[in-house]
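Asker: As a plain string of letters, each chain reads:
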Amino acid sequence: MRPSAARLLNILVPIKRAVDYSVKIRVNPQQTGIDLNVKHSMNPFDEIAVEEAVRIRERLKDAVKSIKVVTIGPSKSAETLRTALAMGADSAIHVEIPDSAPPPEPLGIAKALRAVIERQKEGVDLVILGKQAIDDDAGQTGQMLAGLMGWAQATFASKVEVNTADKVANVTREIDGGLEELKCQLPLVVTTDLRLNEPRYASLPNIMKAKKKPIEKLSATDLGVDLTPRLETLKVTEPPKRVGGGKVENVDELIAKLKEAGITAVKA
Amino acid sequence: MLSLCRVVRPLAFRARRCAHNPAFSHLNTVTEEDVAHFSNILAPSSVFSTIGSNSVSSNDIATYNVDWMGKYYGKATTVLRPRSTAEVSEIVKWCAKRKIGIVPQGGNTGLVGGSISLDKEIVLSLGAMSKVRSFDPVSGILVADAGCILQSLSEYVAPHNHIMPLDLGAKGSCQIGGNVSTNAGGLRLLRYGTLHGTVLGLEVVLPDGTILDQLSTLRKDNTGYDMKQLFIGAEGTLGVVTGVSILTPPAPQASHNVMLALPRYDNVLPLFQTVRRQLGEILSSFEYIDRTAYDMAIDHGHSRIFNEEELKSTQCFVLVETSGSNKEHDEQKLTELLESLLTAAKPLIVTGTLSQSAAQFASLWALREGLTEAVQKEGKPYKYDISVPIADFQRVVDVLRDQLKSRGLYGDHAVSKVMGYGHVGDGNLHINVIAKHGYAPEIEQALEPFIYEVVASLNGSVSAEHGLGSMKPHALHYSKSNVSIDWMRKIKGTFDPLNIMNPGKVLP
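Residue numbers (the UniProt record's numbering), protein chains in the order written: chain F, 1 to 268; chain B, 1 to 508.
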């Protein structure tokens, strides 16, 4: 992999088209997965990733050479790419998989992303991904990609500052105990956490411009990657339903019901 | 130039909270015997009274005695929550016999003091009658108790791919009986019409206790006078609505919304014409939000939709929603509209945003629907819900602001904000005058009858959708002739000769 020019940054933002977070999830009748005939949109953490790339460019101006977004998904994923382009990405890559193909797993995606990175003639300095997708909650792709590339990784980022002159980035991570500050050398994989930024609404002029931005189409074969899942889902079921409460007429009935449930009074 | 009707008249003194209100002298106060009777005919959890053997404190019934805005305080000693139409009938029969006033109350989200007991009336809450009686997924006809909350009904019909024909910010609390009784408008009226069209039948308990069952589920029935139309919008003064039969439209397969930023108010009307022409049948809402209201929403925590640069030249905003049966078709129509707006020789808009996900769709609506709550946090609002020609919207707001300035009442010491937002597609504007430190007589006197005169001079309505309640009976004459008001009194006298049903409301 060729290092990029001293001060120019090439950013790659992989995004995923996932079930919209406002949808009421239902298990499909065959119990093999969830009903996918619902609204989809860009994974919210990926929106944050795209937003961060655009903000880095707003801060560093010409130091950012390109912001590319890539998605590995069926034909409808192209809409998600258009949204990212409307938010400010320059160009997009669509690794198209057949509509009937099973959803790829994180390792397959990470391998595909590695292949995409290796195809970039100008190299990639920074990959920003969502920390997890809200449909599988795997939270693995960013870390696997860093491992495959032998790159530094800074996950669950709540703040990112890039210093192109020294080719380092200061990243604040959200961890259980609080915040951790890392200084990482580029090239770097960053995964975004919720507090990193608030994604912008795509403005109309940008939505119109996005229609003219290029989308490169590739297939898994072009990348030499096998996206067949290695895990088999046996069964998907809903969690047990919550039993509702009951209404009582008066305090006496309440006390009787509490006694029935085995709750005794504490002696004063 | 806006022409103003300056009528010289002495300032009217309105005794809203005087101890002995002559308007109620024909009614009796609730006694312990009355409470005992109610306790006999109703379940114990249906009777709340500060008098009698099982009395509660006035705190316990406080929520029934104050309106949502905290502007109108009621005096009821007794609140009843019947569980069936038969129980409502028995209550009304007794009240008719004893000449006790009745205030039917739904979600208590009304904005004109129509759901509050003004003197000695009991509050008859429909909240405990909240069952769906039937739903036909083929025709979409829903029959429900009056106490069903609007949002619950939306959630009930959603799995069948239907929606309620009306939607408003109060949906989590307002009840369908109240919606019907106030002929509520809301955010979808532009597309689905008023309740006068979508309600197919009503079950009403008349002021003598008789149950009038016209809960038809027929789409078409031209047999005799259509009496339900009288109860729709009567604000509980002709009877208690206990059951509603309503036609629910199919849920749209594709919904989109767009927030547009306009450089000047004058562009709203041509924008509306352009949008309506190009979107045609998929247009479902067209809402106006002025700059003051937008800034307030952002102050109260809504995420920024436009950046500083875009806002520099923005005077007002429009929220457009489309609902259709085909996503690609709707997107194409929208894209063509937006492109034409942006590339026009003289653009009507500065910029805009098209929601890219269900989350953004909900967020754009949340800004518009959250305005009413944000207003409550700013201070105490004087609300004027008016219908005037669209071209005059902004001028009415500006003239009102100037009026307050001329009285030295505009500023952080009195009225901190004057803003307008609303269903511009229906010609309906909600003006909110925010009294930062609370309601004050000098502010009210500066506003009324000034605003009503302005509206009358434009041949508008002093109450587009909120109704008259106890706030506006005195202003009815600004929008209706004496002949009309006379005949309204005759109808009231026919249904309710004893004047026990929501007395003091609607008619002056």
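There could be a bad hint or two in this list.
Unchecked claim - Calculated lysine-lysine pairs in the BS3-like style (CA-CA distance at most 30 Å, straight line):
#1 B:LYS327 x F:LYS212
#2 B:LYS333 x F:LYS76
#3 F:LYS211 x B:LYS75
#4 F:LYS247 x B:LYS312
#5 F:LYS213 x B:LYS75
#6 F:LYS211 x B:LYS327
#7 B:LYS480 x F:LYS24
#8 B:LYS383 x B:LYS480
#9 B:LYS436 x F:LYS209
#10 B:LYS383 x F:LYS209
#11 F:LYS121 x F:LYS217
#12 F:LYS111 x F:LYS217
#13 F:LYS24 x B:LYS327
#14 F:LYS39 x B:LYS327
#15 B:LYS131 x F:LYS61
#16 F:LYS183 x F:LYS111
#17 F:LYS213 x B:LYS131
#18 B:LYS333 x F:LYS217
#19 B:LYS417 x F:LYS24
#20 B:LYS333 x F:LYS39
#21 B:LYS480 x F:LYS211
#22 B:LYS312 x B:LYS327
#23 F:LYS211 x B:LYS333
#24 F:LYS247 x B:LYS327
#25 F:LYS209 x B:LYS480
#26 B:LYS71 x F:LYS217
#27 F:LYS212 x B:LYS75
#28 F:LYS76 x B:LYS327
#29 F:LYS212 x B:LYS417
#30 B:LYS131 x F:LYS257
#31 B:LYS436 x F:LYS241
#32 F:LYS213 x B:LYS436
#33 F:LYS209 x F:LYS61
#34 B:LYS333 x F:LYS212
#35 F:LYS209 x B:LYS327
#36 B:LYS333 x F:LYS213
Think of the hints as simulated: they come from the structure by calculation, not from any bench.
Asker: Could you run down the list of hints and mark each one as holding or not?
Answerer: Hint check:
1. B:LYS327 x F:LYS212: Measuring from Cα to Cα gives roughly 21 Å; hence the hint holds.
2. B:LYS333 x F:LYS76: holds, 19 Å
3. F:LYS211 x B:LYS75: Between F:LYS211 and B:LYS75 the Cα gap is close to 62 Å, so the pair fails against 30 Å, i.e. violated.
4. F:LYS247 x B:LYS312: Since the Cα atoms of F:LYS247 and B:LYS312 sit roughly 55 Å apart, the hinted pair is violated (cutoff 30 Å).
5. F:LYS213 x B:LYS75: violated, 66 Å
6. F:LYS211 x B:LYS327: OK: F:LYS211 and B:LYS327 at ~18 Å, within 30 Å.
7. B:LYS480 x F:LYS24: violated, 48 Å
8. B:LYS383 x B:LYS480: holds, 20 Å
9. B:LYS436 x F:LYS209: Not satisfied, since the Cα-Cα distance of roughly 44 Å exceeds 30 Å.
10. B:LYS383 x F:LYS209: Since the Cα atoms of B:LYS383 and F:LYS209 sit roughly 42 Å apart, the hinted pair is violated (cutoff 30 Å).
11. F:LYS121 x F:LYS217: holds, 17 Å
12. F:LYS111 x F:LYS217: holds, 17 Å
13. F:LYS24 x B:LYS327: holds, 20 Å
14. F:LYS39 x B:LYS327: At roughly 11 Å apart (the allowed maximum being 30 Å), B:LYS327 and F:LYS39 satisfy the hint.
15. B:LYS131 x F:LYS61: Distance of about 60 Å is beyond 30 Å: violated.
16. F:LYS183 x F:LYS111: holds, 26 Å
17. F:LYS213 x B:LYS131: Cα-Cα ~54 Å, so violated.
18. B:LYS333 x F:LYS217: holds, 27 Å
19. B:LYS417 x F:LYS24: violated, 39 Å
20. B:LYS333 x F:LYS39: OK: B:LYS333 and F:LYS39 at ~20 Å, within 30 Å.
21. B:LYS480 x F:LYS211: violated, 54 Å
22. B:LYS312 x B:LYS327: violated, 34 Å
23. F:LYS211 x B:LYS333: Distance of about 15 Å is within 30 Å: holds.
24. F:LYS247 x B:LYS327: Violated - the C-alpha atoms of B:LYS327 and F:LYS247 are around 44 Å apart, more than 30 Å.
25. F:LYS209 x B:LYS480: violated, 53 Å
26. B:LYS71 x F:LYS217: violated, 62 Å
27. F:LYS212 x B:LYS75: violated, 66 Å
28. F:LYS76 x B:LYS327: holds, 13 Å
29. F:LYS212 x B:LYS417: violated, 44 Å
30. B:LYS131 x F:LYS257: Measuring from Cα to Cα gives roughly 25 Å; hence the hint holds.
31. B:LYS436 x F:LYS241: Violated, at about 47 Å.
32. F:LYS213 x B:LYS436: violated, 50 Å
33. F:LYS209 x F:LYS61: OK: F:LYS209 and F:LYS61 at ~20 Å, within 30 Å.
34. B:LYS333 x F:LYS212: holds, 18 Å
35. F:LYS209 x B:LYS327: holds, 21 Å
36. B:LYS333 x F:LYS213: Holds, at roughly 21 Å.
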